[in-house]
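Using the sequences and the accompanying hints, generate a full structural model.
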Amino acid sequence: MGEFEQLYRELILDHYKSPRNHGLLDPADASAEGQNPLCGDEIAVTVRLGADDRIEEVGFDGRGCAISQAATSMLTDLVKGKTAQEVAEMPKDDLLDELGIPLTPVRLKCAILGLGVLKLALHKARGTPLPEEWGTSARDLVLE
Amino acid sequence: MSREYDADVAVTAKTTLDAQRLRADFPIFEQTFHGKPLAFLDSAASSQKPRQMLEAMTHFYETSYANVHRGVYQLAERATEALELSREKVRALLNAPSAREVIFVRNATEGINLVAYAWGLSNLGPGDLVVVTELEHHSNFVPWQYIAHRTGAGFRMIPLDDHGQLRLDELDSIAREGNVKVVATGVVSNSLGTMNPVDRLAAWAHEHGAIMVADGAQSAPHMKMDVQALGCDFVAISAHKMCGPSGVGALWGKAELLERMEPFLTGGHMIRSVGVDDSTWGELPHKFEAGTAPMAEAVGFGAAIDYLTEIGFDAIERYEHELAAYALDKLAELPWVTSYGPPADRRAGIVSFNVDGVHPHDVAQVLDFEGIAIRAGHHCCQPLMRKLGVAATNRASFYLYTIPDEIDRLVDGLHKVRKAFG
Ligand SMILES: Cc1ncc(COP(=O)(O)O)c(C=O)c1O
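Same order as they appear, the protein sequences are chains F and B.
The working numbering applies: residue 1 is where the first sequence begins, and numbers increase by one.
The working numbering applies: residue 1 is where the second sequence begins, and numbers increase by one.
Honestly, the hints are just simulated from the structure, not real lab data.
Glycine residues also receive a C-beta, built at the ideal position from the N, C-alpha and C atoms.
Any given hint could turn out to be false.
Claimed, not checked - One-sided and incomplete, this derived list gives chain F residues near chain B with beta-carbon spacing under 7 Å:
#: 1; residue: E3
#: 2; residue: F4
#: 3; residue: C39
#: 4; residue: G40
#: 5; residue: G64
#: 6; residue: C65
#: 7; residue: A66
Claimed, not checked - Ranges between beta-carbon positions, derived for each pair:
#: 8; chain 1: B; residue 1: W336; chain 2: F; residue 2: R54; range: 39 to 47 Å
#: 9; chain 1: B; residue 1: E333; chain 2: F; residue 2: G100; range: 34 to 42 Å
#: 10; chain 1: B; residue 1: T292; chain 2: F; residue 2: L103; range: 36 to 44 Å
#: 11; chain 1: F; residue 1: L108; chain 2: B; residue 2: S122; range: 40 to 48 Å
#: 12; chain 1: B; residue 1: P404; chain 2: F; residue 2: G2; range: 23 to 31 Å
#: 13; chain 1: B; residue 1: W336; chain 2: F; residue 2: K92; range: 30 to 38 Å
#: 14; chain 1: B; residue 1: R106; chain 2: F; residue 2: G2; range: 26 to 34 Å
#: 15; chain 1: F; residue 1: D61; chain 2: B; residue 2: A332; range: 30 to 38 Å
#: 16; chain 1: F; residue 1: D61; chain 2: B; residue 2: N67; range: 55 to 63 Å
Rendered as structure tokens:
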């Protein structure tokens with residue numbers, strides 16, 4: 001398999017070209033936006049929460065590279081049915097395993113942008129904790 | 001008569017350049033990336049290094065290294081001489097009146113900050129205006145925005161027209177908004193390659209009693225710069241973009257201004273005398289060179305200037321125009337590619353473009369698999385990206401070692417991008 005096929009494997013391109021859960025929910029119980037200024041990736045995430053703050057529906061919108069958009073699309077499938085607390089505690093490796101592609105540090109930021117925005121949305125709406133490594137400046141999520 | 005004739009021949013002989021032969025001077029091209037020879041199309045970010053420059057630095061470390069200016073022993077003398085010889089080479093490169101006016105800094109960014117702080121903090125205030133351009137690199141934008149905010153001065157941008165050229169017709173209305181005190185512009189834009197009319201801006205600045213600050217980071221590598229002809233007061237350049245090492249650059253400024261300015265960084269070497277209550281500053285250029293200088297880097301900078309001068313800036317500039325024209329023609333054949341910026345004859349060897357529907361990151365990634373290095377992003381020009389209505393672009397940039405084959409490979413690579421994502 002060539003390097004291209006490894007990174008942009010079929011599943012990634014499929015999610016990129018036909019993203020799941022695309023489009024913002026209105027009304028929503030939680031929402032946030034974030035961007036990666038280095039490459040201009042932008043993602044907005046909206047969530048509807050049910051009993052126990054379980055994610056019932058999630059919708060996203062964004063523009064950016066294939067990795068950022070495909071990863072967010074896969075994320076939305078992954079988190080449905082999880083509680084806000086579970087998502088807050090979800091390690092990024094859960095998403096990266098799902099992606100299953102080799103990522104350089106620069107591309108890693110593209111891949112986890114959507115997850116960061118989702119965690120931020122839940123934090124704003126339900127006060128769930130943000131990842132410790134974010135420090136105190138996570139309010140305007142900019143993953144540099 | 002015949003001597004003049006000889007000189008003429010020598011000059012025309014220098015207007016051609018053999019990139020294929022020059023490539024052999026650059027060890028980086030001996031490697032492969034992803035199994036392919038390197039097509040390095042990112043020289044505007046930083047250039048590759050010729051062996052001659054690397055050897056000059058090694059030679060300095062091996063034979064002449066000691067801290068400069070302070071020692072009385074012979075080795076320190078030798079190091080000082082080498083540093084000062086490089087200063088003289090920078091002076092000649094810029095056609096500056098005096099080597100006293102050449103200050104070694106870390107890079108162009110530091111040079112601009114030096115002016116913004118050391119001149120700006122004591123000369124700007126409410127009612128004053130700092131004017132930059134919409135094309136500006138963050139390095140010549142953020143320091144001015146910041147110092148304007150700190151001093152209460154206003155901050156304005158000269159807008160661009162649709163061809164990526166400055167709208168000089170806006171100057172009068174800007175001047176009506178306050179006392180223009182600083183005009184800061186890049187000589188060549190790193191995003192679009194636009195060559196700005198610095199001489200005209202300098203004349204306008206001086207009409208209003210403002211200082212003219214030119215960011216030469218992107219022009220010094222590619223064309224003959226003459227600070228006197230440009231009519232500037234300050235010019236900042238970086239060695240790493242012009243075959244020199246990282247970690248050193250130069251700021252040239254008019255002595256009469258530098259002499260009246262407060263220091264920027266303080267500490268060792270920049271003082272005349274130090275007392276408990278007060279200290280006094282050294283003479284130019286030392287007043288602005290606190291701490292141990294980037295000595296070996298300055299020596300490498302000097303060697304890089306020798307290298308470029310030997311090839312000839314006219315030849316380099318002409319060759320890059322040819323490459324830009326070639327690349328723009330090739331890209332124009334691809335209807336799904338949009339390129340930005342002025343026509344080839346009004347730009348340096350920089351081409352910014354987008355592939356319809358494909359994010360620059362993905363373009364650059366696919367090209368990387370082909371051994372082709374381009375830059376994808378906002379190129380430290382977020383105001384410009386906003387103007388173009390894009391988040392990012394792809395940028396291919398050329399230098400004296402770029403060969404047309406690399407541009408052909410770029411175009412082939414773009415077809416692959418299109419196939420994968422189209
Ligand atoms: C036009 C322009 N100005 C300033 C800079 C900053 O150069 P440096 O990072 O060496 O200070 C660059 C380099 O990216 C540039 O292209």
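State the violated hints by number, sorted upward, taking the hints as numbered earlier in the document.
Number 14 only.
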